[in-house]
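Chain B is fixed; fit chain W onto it per the hints.
Listed here are the chains, written in short residue letters.
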Amino acid sequence: MPTIVVDVMPKPEILDPQGKAIAGALPRLGFTGFASVRQGRRFELTVDGEVTEDVLAQARKAAEELLSNPVIEDVVNVAVLTESAQNESQSA
Amino acid sequence: MTAQNTELPLIGDYSTAGPVLTGARIGVVTFPGTLDDRDAARAVRLAGGEAVPLWHAEPDGAAALSSLDAVIIPGGFSYGDYLRAGAIARFAPLMDAIIAAAGGTAGNDAGLGGSAAGLPVLGICNGFQILTESHLLPGSMIKNESLKFLCQDQVLRVENNATAWTREFSAGEEITVPLKNQDGQYVADEKTLDRLEGEGLVTFRYVGGNPNGSRRDIAGITNAAGNVVGLMPHPEHAVEPGFGPDSAAGMRLGTDGLGIFTSVVASIAGGAQ
Numbered sequence: 001m002p003t004i005v006v007d008v009m010p011k012p013e014i015l016d017p018q019g020k021a022i023a024g025a026l027p028r029l030g031f032t033g034f035a036s037v038r039q040g041r042r043f044e045l046t047v048d049g050e051v052t053e054d055v056l057a058q059a060r061k062a063a064e065e066l067l068s069n070p071v072i073e074d075v076v077n078v079a080v081l082t083e084s085a086q087n088e089s090q091s092a
Numbered sequence: 001m002t003a004q005n006t007e008l009p010l011i012g013d014y015s016t017a018g019p020v021l022t023g024a025r026i027g028v029v030t031f032p033g034t035l036d037d038r039d040a041a042r043a044v045r046l047a048g049g050e051a052v053p054l055w056h057a058e059p060d061g062a063a064a065l066s067s068l069d070a071v072i073i074p075g076g077f078s079y080g081d082y083l084r085a086g087a088i089a090r091f092a093p094l095m096d097a098i099i100a101a102a103g104g105t106a107g108n109d110a111g112l113g114g115s116a117a118g119l120p121v122l123g124i125c126n127g128f129q130i131l132t133e134s135h136l137l138p139g140s141m142i143k144n145e146s147l148k149f150l151c152q153d154q155v156l157r158v159e160n161n162a163t164a165w166t167r168e169f170s171a172g173e174e175i176t177v178p179l180k181n182q183d184g185q186y187v188a189d190e191k192t193l194d195r196l197e198g199e200g201l202v203t204f205r206y207v208g209g210n211p212n213g214s215r216r217d218i219a220g221i222t223n224a225a226g227n228v229v230g231l232m233p234h235p236e237h238a239v240e241p242g243f244g245p246d247s248a249a250g251m252r253l254g255t256d257g258l259g260i261f262t263s264v265v266a267s268i269a270g271g272a273q
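Here the protein sequences line up with chains B and W, keeping their order.
Position one of the first sequence corresponds to residue 1 (this note's numbering), numbered consecutively onward.
Position one of the second sequence corresponds to residue 1 (this note's numbering), numbered consecutively onward.
The following block holds chain B by itself, in its conformation from the complex (with noise of 0.2 angstroms):
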């Protein structure tokens, strides 16, 4: 079935505390190529038939009014998920 994905991000102003910790953690694993990381989310809505454009502007409506918190958060990308890269992530 068809896939929307909704990424939303911490603003960029907001401190990301569990990204703060993320950081913190990499070097301690080896990990010592990363100056910062920002933890965002990222949502995959199903649909049932086929994508249009009435059900695209139904996930951006989704993605403002639910997904995220504009106070806080941005919508960074709605798109419909490629067959291709349903595959990849499957077999990833």
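Simulated from the structure, these hints should not be mistaken for laboratory data.
There may be inaccurate statements among the hints.
[Stated by the list, open to error] Below 30 angstroms or equal to it, Euclidean Cα-Cα: the simulated DSSO-like pairs (lysine-lysine) are:
#1 Lys20(B) to Lys180(W)
#2 Lys191(W) to Lys148(W)
#3 Lys191(W) to Lys61(B)
[As the list claims (entries may be wrong)] Take a look, some chain W residues computed to stay more than 10 angstroms from chain B by CB distance:
#4 Arg25
#5 Trp55
#6 Gly118
#7 Glu133
#8 Gly139
#9 Cys151
#10 Val187
#11 Arg205
#12 Met251
C-beta: ideal position from N, C-alpha, C; glycine also.
Relative to the frame of chain B, chain W by itself:
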């Protein structure tokens, strides 16, 4: 067990209280995952009011609210804090009615009509988070700066004693109540913070160190009308000697939180409605 408790096992039976001292009827909302509803109801009774249980899925929210003088949205982890703290609870059927009655716009959009008087609404901890998600109060909450769950006695300064929920305090009075939260860091943009400060809407401020990184040490705020108040610490856990924070009088004798509840009872009795 009453019939109601059989149907709604998660909601408390508040009817076994002692005599009601005033006519104040104060609703206490229970969502799945709410923890402090019984303590809030007890605080209402100790302040002389009658606590009325409100179930989140109440089919006719407006009717349920019409016989109430105020509403408390207690703390806990409504819907397990899934998505964001308070985000799912905000869309519970009862919330649109509460938003409309409090004078917000979201409920009006839903065709529920608004109350000109502005129902007094208090959101404690998770309730505060629900009020910001509902846009009844500005800003939002993110995880504590320390990433640790906090549980401690906390000193607060009452910055605004003109709200429905703080009128029994004197301005600048310091009170001690428990603080317990994971997502308690109050954030808002600078413009909003300046407006809150400028209009005197900061209602409670942390004293003796900022426990969670909240902007400008803000622990609680109110709306311009003063009927809606949200605060992160828990006044309902500081209402009865023996079960409160330590105070100058002795161990666990602190009852500073009671003033919040006597304030709203006084507001109702005083015809502020």
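Do the hints match the structure? See the list:
no.: 1; hint: Lys20(B) to Lys180(W); in the structure: holds (22 angstroms)
no.: 2; hint: Lys191(W) to Lys148(W); in the structure: holds (29 angstroms)
no.: 3; hint: Lys191(W) to Lys61(B); in the structure: holds (26 angstroms)
no.: 4; hint: Arg25; in the structure: holds (33 angstroms)
no.: 5; hint: Trp55; in the structure: holds (22 angstroms)
no.: 6; hint: Gly118; in the structure: holds (23 angstroms)
no.: 7; hint: Glu133; in the structure: violated (7 angstroms)
no.: 8; hint: Gly139; in the structure: violated (6 angstroms)
no.: 9; hint: Cys151; in the structure: holds (18 angstroms)
no.: 10; hint: Val187; in the structure: violated (6 angstroms)
no.: 11; hint: Arg205; in the structure: holds (20 angstroms)
no.: 12; hint: Met251; in the structure: holds (33 angstroms)
Going through the hint list in order, the structure does not satisfy hints 7, 8 and 10.
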